[in-house]
Every structure is written in structure tokens, then in C-alpha cells.
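Residue numbers (our numbering), protein chains in the order written: chain S, 1 to 338; chain D, 339 to 878; chain V, 879 to 1169.
These are calculated hints, taken from the structure and not from any lab test.
Sample of chain V residues at the chain S side, in silico, Cβ under 8 Å:
# : residue
1 : 1019
2 : 1095
3 : 1108
4 : 1126
Now the stretches of chain D that chain V is said to cover, found in silico as 3 or more residues with beta-carbon under 8 Å:
# : stretch
5 : 578-591
6 : 659-669
7 : 725-737
8 : 744-755
Okay, derived cross-link-like pairs now, BS3-like style, lysine-lysine, Cα gap no bigger than 27 Å in a straight line:
#  : chain 1 : residue 1 : chain 2 : residue 2
9  : S       : 84        : D       : 554
10 : D       : 534       : S       : 84
11 : D       : 755       : S       : 84
12 : D       : 439       : D       : 476
13 : S       : 84        : D       : 476
14 : D       : 563       : S       : 84
15 : D       : 757       : S       : 84
Note that beta-carbon positions come from the ideal geometry of N, C-alpha and C, so glycine has one too.
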Amino acid sequence: MIRFTAHRLALGVLVVVGVVVLTFLIARVIPGDPAVTYAGPRASKAQLERTRRQLGLEKPVVVQLGDYLQGIGRGEWGTSYRTKRPVLSDLRRALPASIELVTAGLILALMIGLPLGLVSARYHGQAPDVLVRFISVIGVSLPVFWLALILQLVFAQRLGWLPSAGEYDPNLYYTSPLTSYVQMPLVDALLTGNIPVLESAFSHLILPALVVAVYPAGLLARMVRASVLDTLGESHIRMVRSLGFGDRAILGRWALRPAMNPVVQVTALVFAYSLANTFLVEAVFDWPGLGSYAANSLQALDTPAVVGVTLIVAIVYVVLNLIVDIAQAFIDPRVRLR
Amino acid sequence: MTRDPHPSRRAHLLTAAALALAVALLTGACGSTSKPAGASSGSNTNATFTYGTTTEVMVGWDPATDYSNEIIAMNNMYETLTRYDSQTGQVLPMLATSWKKTSDAKTWTFTIRPNVKFHTGRPMTAADVKAAIDRTIKLNGGASYIWGAVKSIDAPDARTVVFHLKYATPLDLVASAGYAAFIYDTKAAPAAQLSKWFAQGHDAGTGPYTVANWDKGQEVELRLKAFPGYWGGWSGNHYRNVVFRVVPTASTSAQLVRQNQLTWVEQLTPQLWSSLKSDPNLRTTTATSYQNLLGMLNTSYGPLKDPRVRQAIAYATDYKGITAALGAFTPSIGVIPHGLWGYDPSLPVYQTSTEKATGLLKEAGYGPGGKHMSLTLTYTQGDPFEPTVASLLKSELAPLNITVNVSALQWTAQWSKAKSTNPASRQDILLFYWWPDYADPYSWFINLFHSANPPYFNLAYYDNPEVDKQIDQVEPLSATNRPAAINLYSQIQTTLLHDSPALFLGTETYQRVMQKSVGGFVDNPAYPNVVFVYSLHPGQ
Amino acid sequence: MTAVAAPAPGRAGALTFVRRNPTLTAGVVLLVLIGLVAVLAPWLAPHPEDAGTATHPFQVLRPPSHSHPFGTDLVGRDLLTRVMYGARLSLRIVIEVLLLAGLIGIPLGLVAAYAGGAVDQVIMRITDVFLAFPALLLSLAISFVLTPSVGNMTIAIAVTWWPWYTRLVRGEAASVITRPYVESAQTLGVSHTRVLFRHVLPNSMTPVIVQMSLDAGGILLTAASISFLGLGAQDPTPEWGLMVSQGAQYFSTQWWFVTFAGLAILLTAIAFNLIGDGVRELLDPRRVITR
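Based on the sequences and whatever the hints tell you, model everything.
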């Protein structure tokens, strides 16, 4: 077990280093001279030279890469051209909002996807199965940015049931000021018992979370179906069935648990996927997270910020992968043999 | 802010605060008994005015040099000696209660309003006025050129400021400018650190509101709160808080104003604006503006260096089509918009003509059958009109064997690219708006068409010594001989139309939406998009 | 893996095939229809010039009517025409990405499996790094540093996609290589290239084909997303994602602008996903979807 964990950790570190190298390549491939962008448009030749030396641009690329790796390790992620603040501190502000949104989205996705998948497996080949499969195909085929616009138009603008944009009503700043601990309004409002903000934050969260949930819900429904059908075909279920247990008992007690393993794995992986998908959702709902930050940085040609976002999402992805791998090895020893 | 406040001042502040509180309680009580409060205005004790805009507000914080979107917030934190009323054409007193000029208009004496306090707590004196304008002139950034006529400033006593000019200028008008004319406390921080202190999100004005919270890059970017010691007092019915909320998409703005989360919206699409007309809780207004949309053509590098090519593009542009497609614009006649002095409807503007465009291009070796031309065009991300203009220009130039590569950039990125030290990485066509700094045409000419190196706002990189000379002459002339100045402006505009360093694409009609509860709003195009929130009255 | 029997020829065989593979059939029918629109766009579209640089400033944002069944956009172009031409573009992008990614990914996987050892390790660790990014993120980052255009977007997506095929081919090829006939071919002195491409490759392709058919929908959505964010196709290219982004501001007042382009993306993605599911059921029913 220790050997397995160590091996996985080493691989994880290697991948993170590789990710950093790849982002370095992307950032430095930019047509043009990074010194010009750093020194500002009105820099003189001498200033440019100085900047070039400061940035280490005159050194060989390999040395530059080494410096870059060390900088990332020390938390020096550069300064955003747009906000003029360290990228890392910008990310520290933006990430919690996105994590709140994606978590809410995945909870919704599980609430939708799991039952659909189970129904589908239970009625394998029958009408409910066909219906669920069709719904889940739509779920994974919807362009999220389009869905975001449609839900916003229908539920916020036409029906007026839900607010159309933002994290919570900013006017509450005056009547019920919110103390921030984790930079997630919903959680902060819960922690401080701030009911007006809680209500407002909750209603603001529903639409964007629903949009984030659609793809994972479709994916989970398909996964659960496939995985339950798989276990239903295994020998222990056949034995249980021959003992006369009903379908519902079999599904709930024997088939669901082992089928959950891949589900947990997919949920973890889809988290990072959804984090990238917020690039398309947050801008529509003015959600102040990583996605809005990324979309704004893309339009401002803000390379350090774009690299920072890319890096943070990739790292979240690698770390979650690692955790899932190791956790599964703990639960299911067979995994270690792979 | 490490300095200890004087005890006397603190007492003063306390009295003022107590007074404000008492007044607040009184009006609050009235508010709550008369009618249920609206969601955004609340009771009048903390009535909040939420301004909806599309791009970042506080591009900079220094009242001396900043020259961009922050105008909408700065004019609520800072005040000027005078203010221009665009409806009557009069210059009204602000921090100056009265002024007089000598007959040659070269010496101006302003009497300073008594009992005015800076947000730092210091009382404003004539010496402070002098210090602020001196610093603005010395830093020589942004719109500081407006003080170009000033030779020296004297403050003979605490309430008198005397300006000695190099040449005659309507200084009362200059002093009303929306940029670079602010009076601020130069002692808010040690002189060497003042700019840095400002940049951290501080203000040192005399205006009705002061910074409460600044969250750069966030949706609710800036919150201002009432300055208790404001000379105008808070006994009347005023908004106590001003919030600037950046909402990049027009449809979201429309929705937020409908839900009463925005009090006032700067700009929507004409379609959305019309759709809000029937909303019983909202009021829509229109006003002609001094704001025109320009396409700056790169006169220093690339194919547009050839004036014939620029003329060809000016001929190829379908001005009527552009204004028809945009919906909230009127065609421009030259540089100076309708409503401002110097406007000349008889200028020889370009009449769209494909034949003329083709002919000129042919002379230059381009056009159908000639060399292929590839141009880059940048416009400001978030503006609802510029993408349409970009698409139309691209379409109009395509049959002429000209490809236009369009990129949408946030303003700061667009501007950096335009000012790039490497001419090759600058754009060929840049779309942006210009508006005057005070009610005078000079701003367009000195900023956009006077040579300057490195470039600042002359993003056509136009360099014509003859025009430079005329621009230098026109300002003194406008104080002494207005008809001659108008004549000279017409001459310059004729040259500009002929040289074509810019396309004059149209003048915007302001289409605003606000809550019906907002009382007393008047659009003042001399301060584009500025809402003087203190002058408004929150309704019940 | 060689169990894929071709369906028996003849009408009865085709009918059986359809009945046994309803998903695949539905997907193929839908895709064929979209493909027909794409191919015939120049003849079907009411205003073919509107797919290019033409504009009509005096008829902007017109609602659907007889002459413009899907309405017009913000510079007066016919949206039906643009949606039809968009099909051409989207199908082209998907095919090009799959070809490019396959051309990079498959040979690398073969080499990794065949060479083994250090070469295998290096190639596979590189794929690990690429797979550590959600596909949309990496393609966006690469599109960001290139000049925005359809061509560069295609490259950016392909660069993101190849590692999947490398992994699949390597896994499959590694087991194929241990089979006796490969070993005997090697001992007979058949050249490496010949062994790889004549014996190993054909027997390792099934999972790649399944994965490619599953991926097509994802590639379509990724391309539309990149264009939506402004880093892909540029105006006046009739790209669906770009059209949605241009219309977003006008959605609540001019619903048609965004609606039809979005529906086109949805229908095409459904077609691809149905085919993907169908192909998987047909060729590799045990395969679990992970993306």
C-alpha cells in the first residue's frame, strides 16, 4: 500500500512538473517579445534591455525554464497585466466562487444523474430506459453557453422567478453586511447566520448550478446505468436473485454499492472538467469566479493570468485524480494490482 | 493616512456626523411612515444609487492625470471651480462662488467658496486650489493640456485665486472640465508619495461622496458613501451611497434594472432600451451627446500611410448604413458634433462611392485586380455598437480586395497595443469614442490630431505641421475672436477630411434607463455619462 | 477484437441491423441529413452571399419571415444561410481534428508499445501531462497564443486530443504484440514498419474507432465553445458558437439570433453522440465512458 501510494505520488509530482513545463512552452511561444508586454508600451530601448535582464530573457531557454519552475514552486505566478495584482492572489479570490458553483452543480448532477441511471438500469431495454438514455444524450450534447442563455432568458427574464446574474444582491451590503471567511457567499452566510444573504445567494446560485450540472448529470446517468448493468450480470447478483430477492432489494443492496466505485471516480474527474466549463457559464451569469476571470483575461491578452488559470485547473485535476486513485486502492485492494 | 487629526477638527466632524445622523433619522422616519421603501433605494437614510456600466470604472485614481472611464466616479468625489450647464450654455459656480476677468481675458480672479472641506478633513483654501492646479499642470498628464494658457497662479488671500494667462482663454469654461480640473488636497500624503497613495484607492476631493470600498476587477467595483462634512449639507433628500456595478452584457443590465438592482444604466442596445419603455417602474430618456465614434487610421505605418488609401476607405464606408444599423447614432459631419460651438454643417464630408474608392486604390496599386491589402482593426470589448461597425467595415472593404482582421480587446489592452513601441504591432484601424473635456471643440484637435510622440490619444499617429500650427493658434482665438476661431476650426476640419486620418462614423444619442423613483436627472453631455448623484432626489 | 462481423448484405440484413442498432441508425440518419445540408448549402441556402462578407445594414435584426425563415443578424445577414454554411464548417472541423489527432496519436502509441522501455515511458509520461488538462482548457490555452482562426483552433483541439488515441493504441498494441503471429513475423525477419502497420495496427484499431466516434460530439462542442469565447472562428465566418456569442446581447429582444445556431449545435452533437453510443454497443460493449 505504501509502495503504491508513493508510486502514485511520484507520478503525480512528475505530471505537475510536466504541466508547468507545458504552460511555460505555451506562454513563451507567444508571438512577440515578452519584455515589451512587461515593460509597458512606452518603454525605451534601455528599459527594455533592463526588463529583459530582470525577466531573465537573455538566458538560455533551459535556464529560463528552471527559473520559471522554481518561481511557480515559490508561489511567484507573475502579475496580471489587467488587474496589476499578483495572479496568485487573484486566483485565491476567484477560485472559491467557482468551487462553490461547481460543487453545487455536481450535487445537483448527482441528484439528477443517479436516479436516472438506476431507473434506466432497472428498466433495461424498456421505455423508461430509452427515455433516460435519450435525456442523457441531450445532456452531454447541449452547448452549455447556449443553455445558460436560454435558462437566463426563460427563468430570470421572462418568468422572473430567479435573479439573472451575480452572486447575491449587492444592495444587501448596506442592510445585512456579510463577513467573509471562505469567500463563498452561501457558506459565509451560513456560518454567520446571515439569512437575507443566504436566501439571496441561494436563489442566485440555482440557475448557474443547473447549467453546470447538465453535462455531469448526463454523464453520470450513463455511467451508473452501464456500471449497474455490469454488476447485475456478475455471479454474486445471479446468486442473490436465485435466492428469491426482489429487483428493488438487489439494486439497492448488492448492485449499487460496487457500481458506485466508477461513479465516485467520474464525479471527481468531472469536477475539474466543470471548472473549465465555468469559462462558458460564469460570464453569462456574471459569476465572479475562475471562469469570469479567465474569460476577461483571455480578452485582455493577459498571459500571466491565463497561464495561472490553466495551471490551477490542471493542478486541481491532477490532485483529485491522485486522491481518487489512492482512496480506491484503500477501499478496493484489487486496484493496487494494476 | 498616518497623520493624527486635529482635535478641533475631530469635534467638528463629530458635530457634523451627529447632525447628519439626526437628519437621517428624521427623514428616515418620514420615509417609513409615508410609503413602503423600494428595494434599491431603501429608506432615504441610506438611499443607494447603483450605476450600471459596461467596463471597468477606476482605470486610475490620480485626479491630475486620469483621463478615462473614471470620469463617472471622479465627478462624484471631486469638484471643480465651475460647472457647465449644457442646457443653458451657462457656466455655474461650484467651488468658486464668483469670478471676473480683465478685458483682455488674460487675468482671471476666482473667489473661493468658504467652509469647504476636503475628505482628508482639511479646510480648502485658495492656496490649496493653487497647489492642486499647479500639481496637475506639473504632472502634465491626461487632460492637463486644458491649463495650457496658464502662466502662473496666485493666492493673495485665503479666498482669492488669480490666474495669469499667456494668452486669452475662456478660463471659467476650462475650470469646469470633467477631467484635470479637480481641486484636491495635495497634502493628503507627502508630495513624493501622493500618486502612489491615490493609486491605492484613496480620494482627496471636496465632493459629496468619498470612497467606501474599492474592489478592482470585481462586478461591484466601487462603493462611495456620503461625506458627512460636505459643504452642500445632507439635510435635503439625497442619495447617501453610490455604487458602480460593472455589468458587461447589456441584456443582463436590462434585467438588473428591471429587478431594481440597478438605479441607472449608462448604455443598452437600442433594442433593449426600447423594450424597457413600457415598464411602469422605469423611465427612459434620450439626449444628443458630444460623443462621437471614430475609426483612427494608422497614418504612420502600413498601407494606410498612403493618404489615397485612407481616402479610399473613407469613400468605401457606408455612413448611412452604419447609423441605420446601430440605431442610436446620427451621421457625423466632420469632427465637431452637433450642439457644440464650431459645428459646421457645410463641411465637405465623404459621400459613399465605390467608384471613387476603387479609383483611389488603383492609383495606389491596390484594389480589385491590384495588390491585396490586409488590415487589422481593434475595438473595445463590451461596447454594444463597435462589433457591428467592425463587421460592416469589413464587409464594405471586402469587395475592394481589402481584408480586415478584427480583434475585440478590453480597452486597456487595445490602448497598449495602439501605443506599442514597435510600429509593426500597432493596429491599422482603431475604433473608439471621443468626447470633449469641457464644452469646447479643442479637445478633439489637441488630443487626436495634434502630433505627439510617443503617441497618447493621437492613435492615427497623424503628424501634419501645418495642422499643428493651426491647432496651436485656435485656442487663444476662441477667447478673443469666436467667429475667427469657428472659421479656423472649419479650415482644420476640411484639411482633416481631405487627409483622412480618421473615419467619422457617427455621433451617439444617449439612451438611458433609470428607475422612475430617480428625481431630477438631466443628461449633461459636457460630462459624458456622468451622473451628479448629489443633485438627484431618491423618490419614495 | 476481431469479432465484428459485417452485417449480412441484402435488404433483410439491413433491416435486422437497423432493428438491432436503433441508436446507431438514428444517429446516422440525423448526421446524413446534416451532412446533406452541409454539402448542398450553396444550392439550398436562400442568400449564399450572406455566409461571406456581405452585409445589409438596412435590414438588421429582422424577425423570421418568408424571405428570412430564421431572421437576420446584427448586420442584416440571413441566419438560415449562415446556419446551413455553419454545418459545413462544423463537420469539417470535427473530421480534421479526428484525422490530425489520429495521425499524431496512433503512430506514437504503436511506437510506444513496440519499442517499450524508455521510449514507452517517455511517450506515456507526455500523454499523462496532456491528459492532466480538461480538453477545453488546454485547447483554449493554445488557441490563446495563436492568432484566432478556424485553422488554428483545429490545430489547438487536435493537439489536445491525440494522447487519448496514443494510450488506447498502446494498450491494445501491447497485447497484440505478444501474440504468436507477430512474434513469428519478427523471427522471419519482416521489417519493423511492416510488422507495425500490417499486423499490429489493424488489430489495435477497434477501441480507437470507438473512442473517435464517442469523441466527435465533444470536439464539436469544444470548437463551438472556443469560438463562443472569441478565440476561434472570426466574423464573418458562419460558425455556430460565434453566432451564439454575437447574438447573446440580443437574446431577450431578438430571440431568433441565438436560438437557431444553438439548436444546430445541439442537433449535430446529438447525432454524433448517438453514433458514438451505437458504435460502442456494436464494437466494444464493455467499454466504459469516461468523458
